[in-house]
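Novice: Okay, here's what each chain looks like letter by letter:
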Amino acid sequence: MATPVKVYGPPLSTAVSRVLACVLEKDVQFQLIPINMSKGEHKSSDFLKIQPFGQVPAFQDEDLSLFESRAICRYLCEKHPGKGNTKLYGTNPLVKASIDQWLEAEGQTFNPPSSILMFQLVFAPRMKIKQDQTLINKNEEKLAKVLEVYEKRLGESRFLAGDDFSLADLSHLPNAHYLVNATDKGELFTSKKNVGRWWAEITSRDSWKKVVEMQKQKN
Amino acid sequence: MVVKVYGPAYASPKRVILCLIEKGVEFETVHVDLLKGENRDPEFLKMQPFGSLPVTQDGDLTLFESRATMRYFAEKYKSQGTDLLGKTLEEKALVDNWIDVEATSFNPPIYALTFQILFAPALGLTKDEKVIQENEEKLAKVLDIYEERLSKSKYLAGDFFSLADLSHIPFTQYLVGPMGKEPMVKSRKHVSAWWDDISSRPSWAKTLQICPPPM
Numbered sequence: 001m002a003t004p005v006k007v008y009g010p011p012l013s014t015a016v017s018r019v020l021a022c023v024l025e026k027d028v029q030f031q032l033i034p035i036n037m038s039k040g041e042h043k044s045s046d047f048l049k050i051q052p053f054g055q056v057p058a059f060q061d062e063d064l065s066l067f068e069s070r071a072i073c074r075y076l077c078e079k080h081p082g083k084g085n086t087k088l089y090g091t092n093p094l095v096k097a098s099i100d101q102w103l104e105a106e107g108q109t110f111n112p113p114s115s116i117l118m119f120q121l122v123f124a125p126r127m128k129i130k131q132d133q134t135l136i137n138k139n140e141e142k143l144a145k146v147l148e149v150y151e152k153r154l155g156e157s158r159f160l161a162g163d164d165f166s167l168a169d170l171s172h173l174p175n176a177h178y179l180v181n182a183t184d185k186g187e188l189f190t191s192k193k194n195v196g197r198w199w200a201e202i203t204s205r206d207s208w209k210k211v212v213e214m215q216k217q218k219n
Numbered sequence: 001m002v003v004k005v006y007g008p009a010y011a012s013p014k015r016v017i018l019c020l021i022e023k024g025v026e027f028e029t030v031h032v033d034l035l036k037g038e039n040r041d042p043e044f045l046k047m048q049p050f051g052s053l054p055v056t057q058d059g060d061l062t063l064f065e066s067r068a069t070m071r072y073f074a075e076k077y078k079s080q081g082t083d084l085l086g087k088t089l090e091e092k093a094l095v096d097n098w099i100d101v102e103a104t105s106f107n108p109p110i111y112a113l114t115f116q117i118l119f120a121p122a123l124g125l126t127k128d129e130k131v132i133q134e135n136e137e138k139l140a141k142v143l144d145i146y147e148e149r150l151s152k153s154k155y156l157a158g159d160f161f162s163l164a165d166l167s168h169i170p171f172t173q174y175l176v177g178p179m180g181k182e183p184m185v186k187s188r189k190h191v192s193a194w195w196d197d198i199s200s201r202p203s204w205a206k207t208l209q210i211c212p213p214p215m
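The listed protein sequences derive, respectively, from chains A and B.
What the first sequence shows, in full-length UniProt numbering, is residues 1 to 219, in sequence order.
What the second sequence shows, in full-length UniProt numbering, is residues 1 to 215, in sequence order.
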């Protein structure tokens with residue numbers, strides 16, 4: 001029996017939850033190693049050895065140490081093509097290229113404005129940091145424009161990269177989940193016909209439901 | 001049908017061009033003028049709905065996002081040219097890891113600096129000195145981590161040149177060239193040696209020769 005992979009970080013972290021969704025989709029045995037960020041454990045010299053930027057997640061599979069959630073997801077899919085969801089990273093080069101394209105779009109175009117909105121609307125109040133309304137407005141506008149492109153795409157394609165749920169869709173779950181469930185900006189997703197349909201579909205996956213449960217358990 | 005890469009004058013398309021040259025794949029380029037807004041033409045938006053560069057066509061396949069595109073060609077032509085993905089699954093994972101570091105940690109500050117220093121004036125915008133300072137500081141912190149990494153590893157993903165190193169070349173050239181910030185690289189011994197190495201590859205000289213930057 002292979003050693004379970006190790007995922008370091010709190011499930012509430014968006015990047016950690018991205019990896020958790022993937023290990024669950026792929027049915028890969030894993031061990032979640034808690035990192036208490038309020039105690040600065042992510043900046044300890046031991047942790048910096050496996051993640052030099054002092055961010056979560058970090059990941060280990062036997063001797064291999066990796067970081068960057070999307071890279072970890074790609075590795076899991078390439079190491080275990082036959083396990084769990086076998087279509088998560090495509091089964092031929094053309095589909096894989098499309099998945100990579102939309103995975104990059106998520107990282108480069110969706111993630112920045114959605115992260116800033118999440119921070120401003122969800123975390124700043126909790127951390128007693130003053131919200132920046134200009135920043136909120138600017139990034140809401142940016143995100144709305146991105147979702148217009150998604151609305152058109154998802155009118156032509158069931159999922160972002162094609163007919164099957166893939167890493168590209170999965171990658172959006174963490175940030176969008178916070179915006180839809182913990183802010184008043186959920187309408188950006190739910191009021192659009194195609195994005196709304198897609199959102200309902202991807203959030204109904206067992207893997208994501210399990211991640212949400214894990215987020216509720218660890219406070 | 002020959003591969004077509006749109007927008008060769010700019011930095012992101014050069015990731016794709018570098019990859020194609022390293023793999024020995026023939027290609028054509030199509031000029032796109034950002035200052036004239038050609039990236040917002042309906043015909044262009046059909047290929048790249050976000051209006052960014054590059055777009056690449058390989059037969060019937062149209063791809064956007066330079067890092068997705070370079071991954072595609074590096075895999076398609078795995079058996080020819082330079083090996084850009086490592087030799088094992090584990091090496092490939094490290095390549096993916098450090099491509100993503102470039103995308104999430106290196107690119108945002110260097111892109112912000114590029115926009116403020118090189119493009120804002122051409123667009124009739126005032127440079128925001130506060131943004132420049134903030135991003136220079138952010139980039140310096142990232143380069144410190146690279147310095148540590150490159151003191152233990154010849155290239156970012158290991159002892160082999162890969163897409164992870166390649167991905168840094170186009171914008172770093174702006175940094176040390178027209179932005180006048182060469183000291184940020186030169187002051188860090190291992191980053192400097194790494195930059196000298198990767199920027200002196202024949203593929204980069206060829207890229208600059210056939211696709212001169214807009215400034």
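Check each hint, because a few of them may be wrong.
Chain B regions said to be covered by chain A (calculated; three or more residues, Cβ under 8 Å) [claimed, not checked]:
1. 68-76
2. 85-93
3. 143-156
Here are the computed lysine-lysine pairs in the BS3-like style, where the Cα-Cα straight-line distance is at most 27 Å [to be verified]:
4. 36(B) to 39(A)
5. 142(A) to 6(A)
6. 138(B) to 128(A)
7. 43(A) to 216(A)
8. 154(B) to 138(B)
9. 79(A) to 76(B)
10. 6(A) to 36(B)
11. 142(A) to 87(B)
12. 23(B) to 138(B)
13. 127(B) to 145(A)
14. 49(A) to 87(B)
15. 130(B) to 130(A)
16. 127(B) to 154(B)
17. 193(A) to 79(A)
18. 142(A) to 152(B)
19. 76(B) to 6(A)
Think of the hints as simulated: they come from the structure by calculation, not from any bench.
By construction, the Cβ of each residue, glycine as well, lies at the ideal position given by its N, Cα and C atoms.
Novice: Tell me, in ascending order, the numbers of any earlier hints that this structure violates.
Specialist: 4, 5, 10, 11, 12, 16, 17, 18, 19
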